[in-house]
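**Student:** Sequences are here, hints too, so could you generate the full structure?
Residue numbers (our numbering), protein chains in the order written: chain A, 1 to 335; chain B, 1 to 335.
It should be emphasised that the hints constitute simulated quantities derived from the structure, not laboratory data.
This structure is a prediction, so every number in the text was calculated from the model and none was measured.
Possibly wrong hints are sitting among the right ones.
Identical chains blur together in the list; that is why a pair holds if it fits in one copy or across any two.
Said to hold, decoys possible - Restricting the straight-line Cα-Cα distance to at most 25 Å, the calculated cross-link-like pairs of lysine to any residue (SDA-like) are:
id, residue 1, residue 2
1, Lys-145, Ser-71
2, Lys-145, Thr-88
3, Lys-145, Val-317
4, Lys-145, Arg-89
5, Lys-229, Arg-33
6, Lys-145, Arg-84
7, Lys-229, Lys-275
8, Lys-28, Arg-61
9, Lys-229, Arg-34
There are 2 protein chains.
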Amino acid sequence: MTALTVDLGARSYDVILERESLASAGEKLDLDRRVLIVTDAGVPAEYAAAVAAQCRAPLLRCVPQGEGSKSLSVLETLLTDMLRAGFTRGDCVCAVGGGVVGDLAGFAAACYMRGVDFYNVPTTVLAQVDSSIGGKTAVNLGGVKNIVGAFWQPRRVLIDPDTLQTLSPRLRAEGLAEAVKAGLIADASLFERFEAGVGEADLEDVIGKALRVKKTVVEADEHEGGLRKILNFGHTIGHGIESVTGLLHGECVALGMLPMCSRPVRARLLPVLEKLGLPTRVQADPEAVYAALLHDKKMGAGTVSAVFVDEPGRCAVREVPPESLRPLIREVAAP
Amino acid sequence: MTALTVDLGARSYDVILERESLASAGEKLDLDRRVLIVTDAGVPAEYAAAVAAQCRAPLLRCVPQGEGSKSLSVLETLLTDMLRAGFTRGDCVCAVGGGVVGDLAGFAAACYMRGVDFYNVPTTVLAQVDSSIGGKTAVNLGGVKNIVGAFWQPRRVLIDPDTLQTLSPRLRAEGLAEAVKAGLIADASLFERFEAGVGEADLEDVIGKALRVKKTVVEADEHEGGLRKILNFGHTIGHGIESVTGLLHGECVALGMLPMCSRPVRARLLPVLEKLGLPTRVQADPEAVYAALLHDKKMGAGTVSAVFVDEPGRCAVREVPPESLRPLIREVAAP
Numbered sequence: 001m002t003a004l005t006v007d008l009g010a011r012s013y014d015v016i017l018e019r020e021s022l023a024s025a026g027e028k029l030d031l032d033r034r035v036l037i038v039t040d041a042g043v044p045a046e047y048a049a050a051v052a053a054q055c056r057a058p059l060l061r062c063v064p065q066g067e068g069s070k071s072l073s074v075l076e077t078l079l080t081d082m083l084r085a086g087f088t089r090g091d092c093v094c095a096v097g098g099g100v101v102g103d104l105a106g107f108a109a110a111c112y113m114r115g116v117d118f119y120n121v122p123t124t125v126l127a128q129v130d131s132s133i134g135g136k137t138a139v140n141l142g143g144v145k146n147i148v149g150a151f152w153q154p155r156r157v158l159i160d161p162d163t164l165q166t167l168s169p170r171l172r173a174e175g176l177a178e179a180v181k182a183g184l185i186a187d188a189s190l191f192e193r194f195e196a197g198v199g200e201a202d203l204e205d206v207i208g209k210a211l212r213v214k215k216t217v218v219e220a221d222e223h224e225g226g227l228r229k230i231l232n233f234g235h236t237i238g239h240g241i242e243s244v245t246g247l248l249h250g251e252c253v254a255l256g257m258l259p260m261c262s263r264p265v266r267a268r269l270l271p272v273l274e275k276l277g278l279p280t281r282v283q284a285d286p287e288a289v290y291a292a293l294l295h296d297k298k299m300g301a302g303t304v305s306a307v308f309v310d311e312p313g314r315c316a317v318r319e320v321p322p323e324s325l326r327p328l329i330r331e332v333a334a335p
Numbered sequence: 001m002t003a004l005t006v007d008l009g010a011r012s013y014d015v016i017l018e019r020e021s022l023a024s025a026g027e028k029l030d031l032d033r034r035v036l037i038v039t040d041a042g043v044p045a046e047y048a049a050a051v052a053a054q055c056r057a058p059l060l061r062c063v064p065q066g067e068g069s070k071s072l073s074v075l076e077t078l079l080t081d082m083l084r085a086g087f088t089r090g091d092c093v094c095a096v097g098g099g100v101v102g103d104l105a106g107f108a109a110a111c112y113m114r115g116v117d118f119y120n121v122p123t124t125v126l127a128q129v130d131s132s133i134g135g136k137t138a139v140n141l142g143g144v145k146n147i148v149g150a151f152w153q154p155r156r157v158l159i160d161p162d163t164l165q166t167l168s169p170r171l172r173a174e175g176l177a178e179a180v181k182a183g184l185i186a187d188a189s190l191f192e193r194f195e196a197g198v199g200e201a202d203l204e205d206v207i208g209k210a211l212r213v214k215k216t217v218v219e220a221d222e223h224e225g226g227l228r229k230i231l232n233f234g235h236t237i238g239h240g241i242e243s244v245t246g247l248l249h250g251e252c253v254a255l256g257m258l259p260m261c262s263r264p265v266r267a268r269l270l271p272v273l274e275k276l277g278l279p280t281r282v283q284a285d286p287e288a289v290y291a292a293l294l295h296d297k298k299m300g301a302g303t304v305s306a307v308f309v310d311e312p313g314r315c316a317v318r319e320v321p322p323e324s325l326r327p328l329i330r331e332v333a334a335p
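**Tutor:** Here is the structure:
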C-alpha cells in the first residue's frame, strides 16, 4: 500500500493506492452515512456495487457514458436526488469511474449545501494518475469543456489498481500518456522507466510516481495561479486535436507533447509512445486544429501559455503568440 | 467614508461604505474589463446603469424580481451569456441589487471557469447589513432555499447608502431587523441605538455597526463550522414562518427573535420592533410553522441549533430537541 498526503492545509487529504482496496472501502472512507455513489454505464457495475455494499445509506446513480453527462442538467438531477433523499451537510458523494464521473460528482459535492465531503474512487488509468487529485471539478456548457465548476478537494482518494484489469488496452494506453507527461515535466526517472518498458507488474509503481508529481504541483498552486500550468504540457495543441478528431484525451496529449519537446527529447519520446500504442501522427487539418486551439479557454488576451520540455524532468512555461504554434501543429497533424 | 476589511487571508476584501459612491464605482472597483452586471426588475434601473457606464465592456442582465430568479436555469442563462461574450478568468461579475441578485450573481462568479472576481453593490438595507458580506452564494432547488451554492467571497463590496432613498419603508424596516439582530447577538450599543430611535441620519452609522458584527463572525468562521451559527439568531423559527406566510425575510426574523430572548430582553425588543413598524405577532398555524421548521436544511439528525439571547450583545447556541421550539412558536404565531 502507498499512501500519499496532498498537503493543502485545512483541505489536506490522503491518496491511498492499494490493490484490492475496493473490497475494503468502508475501512478507508467514512461510509457510515448517506452516500451518493455516481458511476457511469461504461464502468463495470460491480465496482460501484462493491462500494454501495459498504455504505449505511447508499444512493446509487449510473449516468450515461461520455462527456454528455458533464452537463448542468445531469448535475441538477443528481442534486435533486440528494435533496429528495434528505442529504445533509454531514453526508457525502463518492465517484466510482473515470474522469467524467469524477468531474461531475465532484462538482455536485462542491455545490450541494455549499459543499459536502467528496470521495474519489478512480477506475481508469487516466483518472488514477491525473484527474482524481487536484480538486478540479466541472461540467461543460455550450460546447465548451469544463467551463462551469469549482475547485473542490476530495476528502480522500482510493485507488485500486486491480480495477484496471477490466480496462481496454486503448484506454490503458491513453491514461499512461498522462504518466509519461508527468515524467517529462518533473521526474526523469519516471520517463526512463517508460523507456525501459512498463509492464503489468509496473503499473502500481508508475501510477504512484505520476501521482507524486501531480501532488507536488497541486500543493504549490492549488488554484491554477501559475506553476500548475506545467500540468498542461501537451494539452494546448492536444485540446485542439481533441476538438477536431475522435481521438481520446490521452492520445491527443501524446500528440500534443511531441512538438513541444526539444529534438533530442522528441527522439526519445517517439519510441516510448509507439511502444505504448499511442499515436504520433494524426490525420487532421492543421488549420482546424489551430482554430480550435484559439477557442481554448486557457487563452489570455494576446498570448498562449505553452509548456516546453528541453530535457526529461524539466520544463518551462512561456507566453507565446498563438501564431507560433501553427508550425508545431503541422509536425503532428496533416490532412 | 467607512472602509472595513474582512480579514480572510488570501480571500480578504474591503467593504466600502460611502454616500454617493455608486457614481465613482470605477475608482473603487476594477471595471476595466468584461463585467457581467446582474440586477433585477425591482431595482431602479439607474443604479446598474451607473455601474455599467464605468465599465470598459459591460454586459447588463436584468432578471425578474423575486426568489424565482434564484434557479439553476437562470444561472445557466447568465453563464451562457458570459461564455458567448468571451469572458475569461480575468473578467468579473458585479451584483447591483438585493439579496436575490447577490446570491445568484455571486454563484455565477463562483462557478464560471471555477471562479472569477465578484463585486457586490447591495442596494437594500437587508443586503447592505447582512447578505453582501460573508461569501454565501446560492440558488434554490426543488422548493428548498439556498440548497445549491458556494462559499465565494467578493473581491470588494461597495455600499452607497443613498440607494436606500428609493427603498419602500417596509423594505427598509425588514432590513433593519437584521441590524437589530446584529446588536442583540454581539453589540449592545447597537441595540441601545435602536432603543433610542434610528432616523434617516443614523442609517449609515447603524449599517456600519451591523457590518462590523458580521465581519467579526465571518472572520472567525468562514465556512459556517460553528460560531457563524449565531447569525441564525431569529432564523430558525423565522424561516418556518417565512415558509407558511407571505411576510418578508426580515419581518420573519423579527418574529423569530422574540421567543428566543429572555423575558427582560423581550420586553425591550418589543417596542424596538414596533417603532420600526415590524410585526411582533403573526396570524399563522403554529403547527404549520413547526412542520416547515422541521424541513429546514439546518436541522441535524435529532436536534436543532438554536440561538438564545439572555442580555443584549450576548448570545448562546444550544442544540435543542425541535419539540422544545413548539411552545416558543406559539408565542408569536396564532391562527
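**Student:** Hint by hint, note whether the structure agrees.
**Tutor:** Right, here's what the structure says about each hint:
1. Lys-145 / Ser-71: both (10 Å within a copy, 22 Å between copies)
2. Lys-145 / Thr-88: Between copies, since 14 Å is at most 25 Å while 30 Å is not.
3. Lys-145 / Val-317: within (23 Å within a copy, 44 Å between copies)
4. Lys-145 / Arg-89: Answer is between: at 14 Å across copies they meet the 25 Å cutoff, but 28 Å inside does not.
5. Lys-229 / Arg-33: between (37 Å within a copy, 23 Å between copies)
6. Lys-145 / Arg-84: between (29 Å within a copy, 14 Å between copies)
7. Lys-229 / Lys-275: Classified as neither; 27 Å inside a copy, 59 Å across copies.
8. Lys-28 / Arg-61: Within one copy only: 21 Å inside a chain, 47 Å across chains, cut-off 25 Å.
9. Lys-229 / Arg-34: Classified as between; 23 Å across copies, 36 Å inside a copy.
In summary, the one numbered hint that this structure violates is 7.
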